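Q: Residues per chain are reported as follows:
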Amino acid sequence: MTEKEYNECVTTYADNVYRFILKNLRNEEDARDVVQTAYEKMWIHRDEVDASKSKSYLFTVAYRQMIDHIRKVKRIQLKDEFNEGAKVQNKPANNLKKILDEALARLSETQRTLVLLKDYEGYSYEEIGKITNLSESQVKVYLHRARVQLKEYLVKVENVI
Amino acid sequence: MSKKENMIINRHNYEECFILYWDNELTASQKQAVENFVKENADLQEEFKLLGETRFTPDNNIQFEEKEFLLNNSFINITNYEDQLLNYIDDEVTADQRKEIEKFAGQYSSVKQELALLQKTKLQPEAEVVFPDKSVLYRREEKPDSYRVRVISMTWFRVAVAAAIILIAGFATFKLVNTNKNGDTPPVAKINNSQDQPSEKKADSLISTEKDTKADLVKGDEKSTKEQTPDKTDNKKPIDKNEDQKALIAYQRENKNNLPEERKNVNEQPDNMKTTGDGIIAEVTVPLKKDTRIAQANQSEANDVDFSKSVVTLTTIPTLDIPEADEKEKGGIKEFLRKTTRVFERRTRIQTTTDDNKLLVGAFAVSLK
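As they're listed, the protein sequences go chains A and B. Everything in the first sequence is counted per the working numbering, starting at 1 for the first residue and increasing by one. Everything in the second sequence is counted per the working numbering, starting at 1001 for the first residue and increasing by one.
Derived from the structure by calculation, the hints contain no laboratory data. These numbers were taken from a predicted model, which means no experiment stands behind them. Glycine included, C-beta positions come from ideal geometry on N, C-alpha and C. A couple of the hints might just be wrong.
To be verified - Derived contacts from chain B toward chain A, CB cut-off under 7 Å, selection only:
1) E1046
2) L1117
3) P1125
4) F1131
5) L1137
Stated by the list, open to error - Computed list of lysine-lysine pairs in DSS-like fashion (alpha-carbon distance at most 25 Å, straight line):
6) A:K98 to B:K1120
7) B:K1112 to A:K97
8) A:K156 to B:K1031
9) B:K1134 to A:K55
10) A:K55 to A:K140
11) A:K98 to B:K1122
All chains should be built: construct the whole structure from the sequences, respecting the hints.
A: See the structure below:
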């Protein structure tokens, strides 16, 4: 990967990977740090990175960086999640996007990652498996479960409304 | 049932036996026993029939219309349709499978509703969320330090070498040109150091000086003629003093009045004498600086020149005998004079230096025509 290809990768994918990390972490500064670290690692190992696979490499590095970050701040993260859940119960959901965001927040980290990689980036089960270090069948099962959970949440909220 | 085989039907237990009969739970002999009992008791026949009518018979008109839904040999069925719907919204199915799922969902409203609900769970990327400052991510490769230093040093080195070469070449060219000028300078006149002689001998030496001057002039002519010839051995040959004396005697015989020789052939003149046109009648070299008496004598001789001739060229060239030791000290002055004489030479075409690289100052020419 040349300097030019690296900078093109920044231009093309920086927003995508930032969205992916931000949706998972729900903290802009943390997301920015993770993305920056991911790009730093990519720059250091640019000689080993194939330019055609730069996006997958970037998401893989960013995902692992995010997992490390989550592990470091796990307690705080859990506390936030509980608060988020309380908010959801008290606040009436008035549009689908908001409901979906709330439903997404209720998923596990792995499920949320799989859904985002699938819906945001359109990765296949196989590609998601490589990024998250899961088998294709695991991805399929986790993703289907996540989707059913999202559906049940939607039905439940709609019934409440 | 074994108990019931031994059971004897009577008016106390006939109801249970009638139900078992209609439920087809009795053996053939038991059924025969029940039928015989009903015949023997006519008042119980109606109750036996009523119990028989409470049985439901299957309605053959009712048929299961969605039998395909239950078939396991199809791509999508009752057992796997949810997975296929999820695959469908995850875009993990082929084009043909996609059509089949859509057809299946179109047939069953419950499946269609579920598919619509699942499609709602699909997230859309938020374009408004962008990385705030991409400039921190852009990178630029830096050359190794050693490589950079090497390039810079080579550049300076090249510049220094180029400058040195230009300076050396310029200096060498300058020296070469100056050397050639000095070497190519045609002799105009040579004055011996007889000026340093005592004053009482000056008058006698004046004639001899003039003779020497004439001799040198002839010698200069000869030399210039020799230089035009390709014979190199003549150039190296030292000037024979006897020949000079012979030439001087011949000159004195022809010019008894000590007047300068008339130049008949212009082409034979040195280049520096050609400005006079038809010919040079007289040429007098007077050392002004060191002995004014000599100069005055020469001047008086010059005044005696026959003006009947067409052109008279009077050249009064005082000479400065500059020692080589003083050249370094007077380098600036010499250079200035050299430049001045170059301009003079170009304008008048008269050489202002002697054979031995002596500079003549104040030369001028008068055309009387």
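Q: Hint by hint, say whether it matches the structure.
A: Each hint, compared with the structure:
1. E1046: Given a least distance of 55 Å, the restraint on E1046 (chain B) is violated.
2. L1117: holds, 5 Å
3. P1125: Status holds, d = 5 Å.
4. F1131: Nearest chain A Cβ about 4 Å off; hint holds.
5. L1137: Given a least distance of 4 Å, the restraint on L1137 (chain B) holds.
6. A:K98 to B:K1120: Holds: K98 (chain A) and K1120 (chain B) sit about 12 Å apart, inside 25 Å.
7. B:K1112 to A:K97: This hinted pair holds, its Cα atoms lying about 22 Å apart.
8. A:K156 to B:K1031: violated, 58 Å
9. B:K1134 to A:K55: Distance of about 16 Å is within 25 Å: holds.
10. A:K55 to A:K140: Within the cut-off at roughly 22 Å; holds.
11. A:K98 to B:K1122: holds, 13 Å
Of the numbered hints stated above, those contradicted by the structure are hints 1 and 8, listed in ascending order.
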